[in-house]
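Undergrad: Each protein sequence line maps, in turn, to chains F and G.
For the first sequence, my numbering assigns the number 1 to the initial residue and increments by one for each residue that follows.
For the second sequence, my numbering assigns the number 1 to the initial residue and increments by one for each residue that follows.
Do not rely on the hints blindly, as some may be mistaken.
What the hints assert, rightly or not - Computed cross-link-like contacts, DSS-like style, restricted to lysine-lysine with a CA-CA straight-line distance of at most 25 Å: (1) F/LYS316 to G/LYS77; (2) G/LYS175 to G/LYS70; (3) F/LYS176 to F/LYS219; (4) F/LYS316 to G/LYS159.
What the hints assert, rightly or not - Distance windows between CB atoms, simulated: (5) F/MET334 to G/SER156: 31 to 41 Å; (6) G/GLN210 to F/VAL283: 53 to 63 Å; (7) G/SER201 to F/VAL283: 51 to 61 Å; (8) G/HIS123 to F/GLU132: 58 to 68 Å.
Source of the hints: derived by calculation from the structure; they are not laboratory data.
From the three backbone atoms N, C-alpha and C, an ideal C-beta is built for every residue, glycine too.
One-letter residues, chain by chain:
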Amino acid sequence: MNFSLNLQENYENFKQIFQDNCMVVFRYLENSFAPHLKAVAIFADGLVGASLVNDYVVKPFIGSQPLQDAKNPLLFVKNSVLQSNDIVVVTDYEDCIKRLFSGDVIFFLDGYDTPLAVNARFPATRSISEPENEKSLKGPREGFCELILFNTALLMRRLKNDRLKLESFTLGNRTKTPVVMAYLDGICHETLICETRKRLQQINTDAITDTNQIAELIKAKPYSPFRTTGSSERPDVVANKLLEGRIAIIADGTPQVITLPFLFNEYFQSSDDYSINFYFGTVSRLLRYLSFLIAIFLPAMYLAVVKFQKEILPEKLLYSISAARMNVPLSAAMELLVFLIFFEILREASARTPSVIGQTLSIAGALILGQTAVEANFISVPAIIIVAISGLCSNVLPQMRGAMLLCRLGILLVASQIGIYGVILGALAIIIHLSDITVSSTSYLNDMLPHSKGSWMDIYIRGPYRFLTQKKDYLSKGN
Amino acid sequence: MKAFFRPGIVILLSCILLTGCSRSPIPELGNVNVVTGFFAEYFPEEQSYRLSLEIADFSGYEKSSDITAKRITAKGKTIAYAFEKINQISEKQLYISHAKVILLGRGFQALNLKNTIDFFLNHPEINSDIQICMTQTDILSEQEDSDSSFFAPLSSLLKRETLCGFPSLYQLYQKENQSFSLPVVSLNDATPAISSSAVFSNYQYQRTVQNDIS
Numbered sequence: 001m002n003f004s005l006n007l008q009e010n011y012e013n014f015k016q017i018f019q020d021n022c023m024v025v026f027r028y029l030e031n032s033f034a035p036h037l038k039a040v041a042i043f044a045d046g047l048v049g050a051s052l053v054n055d056y057v058v059k060p061f062i063g064s065q066p067l068q069d070a071k072n073p074l075l076f077v078k079n080s081v082l083q084s085n086d087i088v089v090v091t092d093y094e095d096c097i098k099r100l101f102s103g104d105v106i107f108f109l110d111g112y113d114t115p116l117a118v119n120a121r122f123p124a125t126r127s128i129s130e131p132e133n134e135k136s137l138k139g140p141r142e143g144f145c146e147l148i149l150f151n152t153a154l155l156m157r158r159l160k161n162d163r164l165k166l167e168s169f170t171l172g173n174r175t176k177t178p179v180v181m182a183y184l185d186g187i188c189h190e191t192l193i194c195e196t197r198k199r200l201q202q203i204n205t206d207a208i209t210d211t212n213q214i215a216e217l218i219k220a221k222p223y224s225p226f227r228t229t230g231s232s233e234r235p236d237v238v239a240n241k242l243l244e245g246r247i248a249i250i251a252d253g254t255p256q257v258i259t260l261p262f263l264f265n266e267y268f269q270s271s272d273d274y275s276i277n278f279y280f281g282t283v284s285r286l287l288r289y290l291s292f293l294i295a296i297f298l299p300a301m302y303l304a305v306v307k308f309q310k311e312i313l314p315e316k317l318l319y320s321i322s323a324a325r326m327n328v329p330l331s332a333a334m335e336l337l338v339f340l341i342f343f344e345i346l347r348e349a350s351a352r353t354p355s356v357i358g359q360t361l362s363i364a365g366a367l368i369l370g371q372t373a374v375e376a377n378f379i380s381v382p383a384i385i386i387v388a389i390s391g392l393c394s395n396v397l398p399q400m401r402g403a404m405l406l407c408r409l410g411i412l413l414v415a416s417q418i419g420i421y422g423v424i425l426g427a428l429a430i431i432i433h434l435s436d437i438t439v440s441s442t443s444y445l446n447d448m449l450p451h452s453k454g455s456w457m458d459i460y461i462r463g464p465y466r467f468l469t470q471k472k473d474y475l476s477k478g479n
Numbered sequence: 001m002k003a004f005f006r007p008g009i010v011i012l013l014s015c016i017l018l019t020g021c022s023r024s025p026i027p028e029l030g031n032v033n034v035v036t037g038f039f040a041e042y043f044p045e046e047q048s049y050r051l052s053l054e055i056a057d058f059s060g061y062e063k064s065s066d067i068t069a070k071r072i073t074a075k076g077k078t079i080a081y082a083f084e085k086i087n088q089i090s091e092k093q094l095y096i097s098h099a100k101v102i103l104l105g106r107g108f109q110a111l112n113l114k115n116t117i118d119f120f121l122n123h124p125e126i127n128s129d130i131q132i133c134m135t136q137t138d139i140l141s142e143q144e145d146s147d148s149s150f151f152a153p154l155s156s157l158l159k160r161e162t163l164c165g166f167p168s169l170y171q172l173y174q175k176e177n178q179s180f181s182l183p184v185v186s187l188n189d190a191t192p193a194i195s196s197s198a199v200f201s202n203y204q205y206q207r208t209v210q211n212d213i214s
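Assemble the whole structure, with the sequences as input and the hints as a guide.
TA: Okay, structure coming up:
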């Protein structure tokens, strides 16, 4: 659509377009000193501040006396009348609509076919609070919110550096979501920047409402269950990632910021490790590695031992398991599979249920699954213990929950056929798959075998700060 | 599609190669009879063997000390035949990897032990560290009314006595043309005790030595 020189025509056109949108407001204005100077201010109620519209647009235009003598009224209005910190001349209809729904006031002056977009943004958003999923014991309690403006501001506050670059993109053909790619120029590799920029520009989809959609669309291995982009709701975490030479992608409408590249060892790192003493940080990190192994291999090992390699069991354990399984109708494999699936269902139900009845549901689930199923001989006690331990361990690494579930089920199925050989084959398959993933020319398992002295200090252990190197040599340019 | 081609071939080959494994009749724990020990007796006048297996019974199980036992006995011309008959009698498949002791009766003093050792050692499931001992009396008949396990305390006793150098099954196998001694077990107030040692040379019984622990 093209804009018209005639104010009434522009007014009618926009009225027609937004006739079913009750939130778009049209304010007709006339300068009190020059009544021939007419204008229309169009804005979306709820995205602008009412007082800002009055103070920036309505009052200045109506009450401006020098306007009547201006040679170029539009230029005069832009430079001397309207009182916003950001006024842009709009030439494109798509751009105009995008700005309207971003919280700008679209200002049409009679006789001009180039409206002004006046920044009067005051969207409703929640305040900065601690992220629910990334709680910290001793670290900062700030978290990103849904507004991209606040999120970039939080980053800029932490990185007071002229090398911090924030490149803007608009993704989603219908949603026109503002997206910002942040990186530290001179620290982040040029190839990574170019590759990410290219992938973002290649995104062609109707809607982008979450950074996870962006992550999937730019993912190196789209069908792998393991993620190659990290995400965080914490500005301190994202700032540290940028200092390592990574890129952050911030999208409007979601507090999740994705960082890339994301390597396998980052699943086991937490911001809390750096807020506490390095001994305890090391213990926490080792516990995460152990939890990962237990979550994936414990059910399969139990099945392999109970069915195929019974000789491994000590005598008393053998008697305990034999007695427990004596009257259970299901096979060990079916028992574990059914209970694993039920455990996941219980977890999903607990996550979706309102907190008011969540506790009741947990108790019912525990009683039904635990006590009564065992007493009715539907399931054996060792199976419940194995699945419960495995499920608890998978909660230690919530980011890897989906991948761990798939790996756990896959190895369980193979172990049910060929025992411990199946467990080993499954482990080999996982290692081969992980080795095959390449993220921006870097192997996914690159850090699992550190190749420099300093990098040993931040992989399996959390070394003292004096030994930690901030930049990753495969990510940064080294300056 | 190309991305799935290679993994698809691997999965297809794996499925073809592994399908046979699912048909193997491997019973699970809970569906097997756990054998705790063997008692073998030879009758020279009949030239036949009697084999008794002690099976752990978990029906009243609360903790591991509550293990009770039941026995399955069969006779045969050879020890292998007797074992096969027991397999047929038993309602569940026998699991003998956790069997701790082989108790040989007095009749084996008239026999060369080599065949008996070969039979047990050739069984794929048997633990090669299983202990072997002898008895001069029919201990299991004396214990017929008792449902507590005889071989569990006997195995604990033999583990202590291994300091005295009594060989296990595999060690016996290596003692061809050598001398060795086996502990002789008797009941002392319903608990097993080692009363003497039976000396063998080249798998043939020589004599019994009282309280000989060397």
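Undergrad: Decide, hint by hint, whether the structure agrees.
TA: Each hint tested on the structure:
no.: 1; hint: F/LYS316 to G/LYS77; result: violated, 35 Å
no.: 2; hint: G/LYS175 to G/LYS70; result: violated, 33 Å
no.: 3; hint: F/LYS176 to F/LYS219; result: holds, 21 Å
no.: 4; hint: F/LYS316 to G/LYS159; result: holds, 16 Å
no.: 5; hint: F/MET334 to G/SER156: 31 to 41 Å; result: holds, 37 Å
no.: 6; hint: G/GLN210 to F/VAL283: 53 to 63 Å; result: holds, 59 Å
no.: 7; hint: G/SER201 to F/VAL283: 51 to 61 Å; result: holds, 60 Å
no.: 8; hint: G/HIS123 to F/GLU132: 58 to 68 Å; result: holds, 60 Å
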